[in-house]
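Between the sequences and the hints, there should be enough to build the whole structure, so can you do that?
For the protein sequence lines, the chains are A and B, in the order given. Numbering-wise (the numbering used here), the first sequence opens with residue 1 and increments by one. Numbering-wise (the numbering used here), the second sequence opens with residue 1 and increments by one.
No lab work stands behind these hints, which were simulated from the structure alone. Ideal Cβ placement from N, Cα and C applies to all residues, glycine included. There's no promise every hint is true.
As the list claims (entries may be wrong) - Facing chain A, a subset of chain B residues (Cβ under 7 Å, in silico):
id	residue
1	D168
2	T171
3	V173
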Amino acid sequence: MEQILQDVDAVIDQWGAKPESLLQIMLDVNHKFNYLPKESLLRISERLRMPISQVYSVANFFKVFSLTPRGRTMVQVCTGTACHVKGTPKLLDRMRQDLGLEPGQTTEDLALTLETVNCVGACASAPVVVVSGETYSEMTPNKMAALIKEIKAKSA
Amino acid sequence: MATITLKINGQEVQVEEGATILDAAKKAGVYIPTLCYHPYLPLEEACRICVVEDVRRGWSTLVAACVFPARQGMVIETDSEKVQESRKTILELLLSDHPNACMTCQATGDCELQDLAYRFRVKADAYPGERHKHPVDSDPNPYLHIDMNKCVLCRRCIRACHDVQGADIWTKVGRGFEQRISTAFELPLQEAGCEFCGHCADFCPVDAIGFRSGRYEMRAWQLQKGTTICLQCPMGCGAVYDTYKGKVVTVHGDFKAPSNTGALCKVGRFNYNFVNTPDRLQTAYVRDGSGDHAPTTVDAALDTAAAKLAEIVEKHGGAAVGVLAGGMLTNEEYYLLQKLARGALKTNNVDNVAGPWQLPLYEGLSSSLGWGAMTNPLDDIALAKSLLVLGSNTLEKHAIAALRARKAVRNGAVMIVAHPDRVALTKNAEKHLAIQPGSESSLLCGFLKVIVSEKLFDAAFVEKHTQEFDKLERSLEKITLKDVAERTGLTEEAIQDAARLYASKRPSFLIYGADMAQEPANESLYRMGAALQMLLGSVGVPGGGFAAMGVSGNAQGAADFGAWPKYLPGYRSVSQAAARKTVSNLWGVEVPGEGGLSWPQMFEAIEKGELKALYVVGVNPFELGLPERAVESALAKLQLLVVQDCSKTKAADYAHVVLPGAAFMEKDGTAVNCERRVQKLTAVMAPLGDARADFDLIQGLLGRLKADLAPADRAQAFDEAVQLIKDMGPLRYAALGEKGPCWPIREDGSGTDRLPLSEDKPSLKFFAARL
Ligand code: SF4
Ligand code: SF4
Ligand code: SF4
Ligand code: FES
Ligand code: FES
Chain A
1 MEQILQDVDA VIDQWGAKPE SLLQIMLDVN HKFNYLPKES LLRISERLRM PISQVYSVAN
61 FFKVFSLTPR GRTMVQVCTG TACHVKGTPK LLDRMRQDLG LEPGQTTEDL ALTLETVNCV
121 GACASAPVVV VSGETYSEMT PNKMAALIKE IKAKSA
Chain B
1 MATITLKING QEVQVEEGAT ILDAAKKAGV YIPTLCYHPY LPLEEACRIC VVEDVRRGWS
61 TLVAACVFPA RQGMVIETDS EKVQESRKTI LELLLSDHPN ACMTCQATGD CELQDLAYRF
121 RVKADAYPGE RHKHPVDSDP NPYLHIDMNK CVLCRRCIRA CHDVQGADIW TKVGRGFEQR
181 ISTAFELPLQ EAGCEFCGHC ADFCPVDAIG FRSGRYEMRA WQLQKGTTIC LQCPMGCGAV
241 YDTYKGKVVT VHGDFKAPSN TGALCKVGRF NYNFVNTPDR LQTAYVRDGS GDHAPTTVDA
301 ALDTAAAKLA EIVEKHGGAA VGVLAGGMLT NEEYYLLQKL ARGALKTNNV DNVAGPWQLP
361 LYEGLSSSLG WGAMTNPLDD IALAKSLLVL GSNTLEKHAI AALRARKAVR NGAVMIVAHP
421 DRVALTKNAE KHLAIQPGSE SSLLCGFLKV IVSEKLFDAA FVEKHTQEFD KLERSLEKIT
481 LKDVAERTGL TEEAIQDAAR LYASKRPSFL IYGADMAQEP ANESLYRMGA ALQMLLGSVG
541 VPGGGFAAMG VSGNAQGAAD FGAWPKYLPG YRSVSQAAAR KTVSNLWGVE VPGEGGLSWP
601 QMFEAIEKGE LKALYVVGVN PFELGLPERA VESALAKLQL LVVQDCSKTK AADYAHVVLP
661 GAAFMEKDGT AVNCERRVQK LTAVMAPLGD ARADFDLIQG LLGRLKADLA PADRAQAFDE
721 AVQLIKDMGP LRYAALGEKG PCWPIREDGS GTDRLPLSED KPSLKFFAAR L
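What follows is the structure in structure tokens.
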């Protein structure tokens, strides 16, 4: 907590504690923690002398910001029609089983966040999973488990 | 300003530059529907229901009339097919995601969406689609009912919370279909810091944010509306009461009222239980031989009270009788009460609860500034460039001053709040000085010291308008910042920084609200406050002044009309024979010269057995902050206790006679708010049962004790009183309109908003500073 606030203060000092810098500050903080911790928003509101409701509204408006912790790696599972038919639900079931992870949630070690996305345009290789821009084709629950293991290991 | 001519539906209309198309249409008497627009909120194009066709050669566009400026030569059509089409679509889209539950909705009959749908005959199911499913009654707070399913995203709540209250609780989150109104982090209102002023509910055009009270008990059209003045604090807000069967249901700010322009505080908005309580007195009681209270007629009770009062005065003299009034009486009632005390009971023992706090305010300011009250209207606070706020928890006790201060801050002013606690206003302050309780006076002294020794003052203003600056200077030489630091609990640097900050921007406004929970200040606090403002050239100028505010709703009127021991009406000193003579001549009866007791002294005198009879009007002695035991013992000692109140208080148990009075919104009369505005009250409902307005009861007593002293009615009482009050002389009860003037009143009946500064000779005076 103390550390978070110190980091936030450093970012604010860099840009200047003025309302015009709000977006830059939020982008940097979001980058630093991969999400916007509640305390960071409160601190920004206090130091920029802006109502917390306004700061929250901005955080909520832009897709780049996250208000919940996000992992270092984003694992995006396609839930488009083709993928769905070819077995996305099974992939998600396996994640639930292995890690107790629902779409939108992050592992405790902050290694990864599981997300669902709409058709990514690779229907021919359905079901697909996208990790850091790389597409993994014809996924099975086992392949999925292996992939996750690898990500967690790399992140540790 | 340039005038613009445009055509609306073929009709020519002229408006000033800057007017919107909607303004022009209103002027031309042409109706344009609106939804997100509200005349008392900043403009925001959120709903586009107000679109009109802006016709130019060969082509036309749809523009939002509520925000679009009128231009020279414009041709506007408000009812073309294109416009109607667009309006209808917008409404149909709104209804496609609305519960359309008008049958069971509290807003029915008072809902802007319902009215629009009805007027334009839109179908609710033109666009089948997804509907939001938010929880109904989603917030647990006791005042507001939240049902965001009914929200039309007009964002009036956001604007009201920002622009009227300055609390910034509501905001919009999400995009597209997901867009909705929420608090930060979706917190419940209470946790989000909501101040429960109720403005968002007042401005919400539908039942998305509504009041809880009255819900499922009555329909909008069953409510009776009445407008009067709220007397729960010295702001004197114009308030519109919705009543139903003798009870207050909801309260709204009166947009036309000059002091509050539509705003209300939490107390004015929600504190009406004292009227609705089942403990309301509806009949009189007299204690019979066995010591029990027997119900009786008001006239019989008045007979008893008058006879017993006369008996005690006869036996022990006027000094044995005391009269104590609450803080929410009208001017006429205060005037009559002190006339009763002085003219009929031969005593100056008359006071009102706010008296001890108002006295130093009056004496301090009148000696420094020439008049003993606030220097500027409340509205002026919003024009200040720097603000220093001391004393009461301003947002709770003197809310309109706090709202105006927030407005000034939104416009770029710096604000310093000095209060032992982090009161809600500190969130808008540049600096919070956590001073020791009761050290406001020392802090002011510190500010004077810094500003004088560092020569931060406006030398030209001091030279031109003030006297005895050297007296202040000399007194400050003996005071060190170290002493100030000790008293206030701040560091010397903190005091210096704050004083420099306050002096750095002008005009500046000093806000000091007295607080009944604290001992009354002495007059030197007010003198130093005045001195500070004089040094900064900030008295009686737009945005520069001293908002000194008392502790009760009509504290100013009580003082003006003489309901306190030291001064007769019009601040005529009881100790001066000439002053007494003027009053005696008018009344035709000798005014006693013996000094009177303030109410704290009255309780001491009862304890000593010197005061034997007490007449209390509209106040519960158990709520004066005295130890409960002391009050019990005092009341039990009295030979006669007459309690007149609108509900059965604990004091009534001790009373020999109980008279059923009325609440302020059940009264006709006048009151003076802290900005010296003389305002008219109009009863919004009748007192319950046999209860009567205090005026009628006091008049009844006076009539029985000394008939020739009793004026026929309120108008006569007021018009008689102002003969004694120089600053109100030209006022007449019957001529008082909606927007009351601020005293001093000029010959033509108009008021004086700000303390005038004489061009020829200095009219302001410094006094020695005291730590
Ligand atoms: S808010 Fe208005 S339109 Fe909506 S259900 Fe209630 S009365 Fe009907
Ligand atoms: S009640 Fe007042 S403070 Fe609370 S959200 Fe509504 S407008 Fe804002
Ligand atoms: S809650 Fe009411 S005032 Fe606020 S945006 Fe919705 S409809 Fe408008
Ligand atoms: S449905 Fe998954 S890539 Fe198209
Ligand atoms: S009323 Fe004009 S945009 Fe809503």
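Violated hints, by number in ascending order, as checked against the structure: none
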